[in-house]
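**Q** Quick note, the sequences are listed as chains A and B, same order.
If you're matching positions, the first sequence starts at 192 in this note's numbering and goes up one per residue.
If you're matching positions, the second sequence starts at 192 in this note's numbering and goes up one per residue.
Hints should not be assumed to be uniformly reliable.
Said to hold, decoys possible - Under the rule of at most 20 Å between Cα atoms (straight-line distance), these lysine to aspartate or glutamate pairs were calculated in the DMTMM-like manner:
no.: 1; chain 1: B; residue 1: K256; chain 2: A; residue 2: E201
no.: 2; chain 1: A; residue 1: K228; chain 2: B; residue 2: E208
no.: 3; chain 1: A; residue 1: K214; chain 2: B; residue 2: E254
no.: 4; chain 1: B; residue 1: K211; chain 2: A; residue 2: E251
no.: 5; chain 1: B; residue 1: K203; chain 2: B; residue 2: D233
no.: 6; chain 1: A; residue 1: K243; chain 2: B; residue 2: D263
no.: 7; chain 1: B; residue 1: K203; chain 2: A; residue 2: E254
no.: 8; chain 1: A; residue 1: K256; chain 2: B; residue 2: D224
no.: 9; chain 1: A; residue 1: K196; chain 2: A; residue 2: D239
no.: 10; chain 1: B; residue 1: K214; chain 2: A; residue 2: D239
no.: 11; chain 1: B; residue 1: K203; chain 2: A; residue 2: D263
no.: 12; chain 1: A; residue 1: K211; chain 2: B; residue 2: E250
no.: 13; chain 1: A; residue 1: K203; chain 2: B; residue 2: E250
no.: 14; chain 1: B; residue 1: K200; chain 2: A; residue 2: E250
These aren't lab readings, by the way, just hints derived from the structure by calculation.
2 protein chains.
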Amino acid sequence: MAGIKYEIKENKGVLSESPKGWKKELNLVSWNDRTAKYDIRDWSQEHDKMGKGVTLTVEELRELKNILNNMDLS
Amino acid sequence: MAGIKYEIKENKGVLSESPKGWKKELNLVSWNDRTAKYDIRDWSQEHDKMGKGVTLTVEELRELKNILNNMDLS
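With the hints as constraints, model all of the structure from the sequences given.
**A** Structure follows, in structure tokens:
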């Protein structure tokens with residue numbers, strides 16, 4: 192990702208891991224030195240390569256939590 | 192998104208809405224006629240335009256739910 196600066200401030204959890212070692216993670220990430228946002232995306236083992244993902248505010252994460260808790264995921 | 196066929200099978204919830212009417216949604220989406228997967232991304236009002244996002248299996252969504260329920264989001 193040329194020109195994009197990022198720093199993973201905190202790893203909140205791993206959703207899954209692929210056979211190649213990539214992990215889908217929920218992180219708190221600062222993009223281009225801005226305030227860190229929550230972020231769900233795939234990362235290589237060394238966190239030097241990333242897939243597409245979504246960034247989420249804490250409000251969006253809270254809403255997502257409510258939605259998931261009202262879904263039957265069993 | 193030229194060449195990508197998609198069908199929103201089910202809307203599970205809205206995480207947020209932008210002033211322009213785009214919504215960040217959790218949906219069950221079938222991409223290119225394949226089995227529908229969970230998907231978090233921004234959509235235009237008519238669902239004819241989309242932003243980048245992540246697709247998630249039910250196992251990943253379940254894990255995400257666990258992670259969120261163990262976080263302090265207040």
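**Q** Does the alpha-carbon distance linking B:K214 and A:D239 stay inside the 20 Å limit?
**A** violated (30 Å)
**Q** With the threshold set at 20 Å, check whether the alpha-carbon distance from B:K203 to A:D263 stays at or below it.
**A** Given that 20 Å is the threshold and the Cα spacing comes to 11 Å, the pair holds.
**Q** A:K196 and A:D239 were given as a pair; does the straight-line alpha-carbon distance stay at or below 20 Å?
**A** Measuring from Cα to Cα gives roughly 11 Å; hence the hint holds.
**Q** Would you mind confirming whether the straight-line C-alpha gap from A:K256 to B:D224 stays at or under 20 Å?
**A** violated (29 Å)
**Q** Is the hinted pair B:K256 and A:E201 satisfied, with a Cα-Cα distance of at most 20 Å?
**A** Holds - the C-alpha atoms of A:E201 and B:K256 are around 18 Å apart, at most 20 Å.
**Q** Going straight from one Cα to the other, do B:K203 and A:E254 come out at no more than 20 Å?
**A** holds (11 Å)
**Q** Hint check: A:K214 vs B:E254, CA-CA at most 20 Å. Holds or violated?
**A** holds (13 Å)
**Q** Just to be careful, I want the Cα atoms of B:K203 and B:D233 compared with a cutoff of 20 Å; is the pair within it?
**A** Holds, because 14 Å separates the two Cα atoms, which is no more than 20 Å.
**Q** Within a Cα-Cα threshold of 20 Å, do B:K211 and A:E251 meet the stated pairing?
**A** Judged against 20 Å, a Cα distance of about 17 Å means the pair holds.
**Q** Does the alpha-carbon distance linking A:K203 and B:E250 stay inside the 20 Å limit?
**A** Measuring from Cα to Cα gives roughly 17 Å; hence the hint holds.
**Q** Does B:E250 lie within 20 Å of A:K211 when you go C-alpha to C-alpha?
**A** Given that 20 Å is the threshold and the Cα spacing comes to 18 Å, the pair holds.
**Q** For the pair supplied as a hint, B:K200 and A:E250, is the alpha-carbon distance within the 20 Å limit?
**A** violated (25 Å)
The structure does not agree with the numbered hints 6, 8, 10 and 14 stated previously, though it agrees with the rest.
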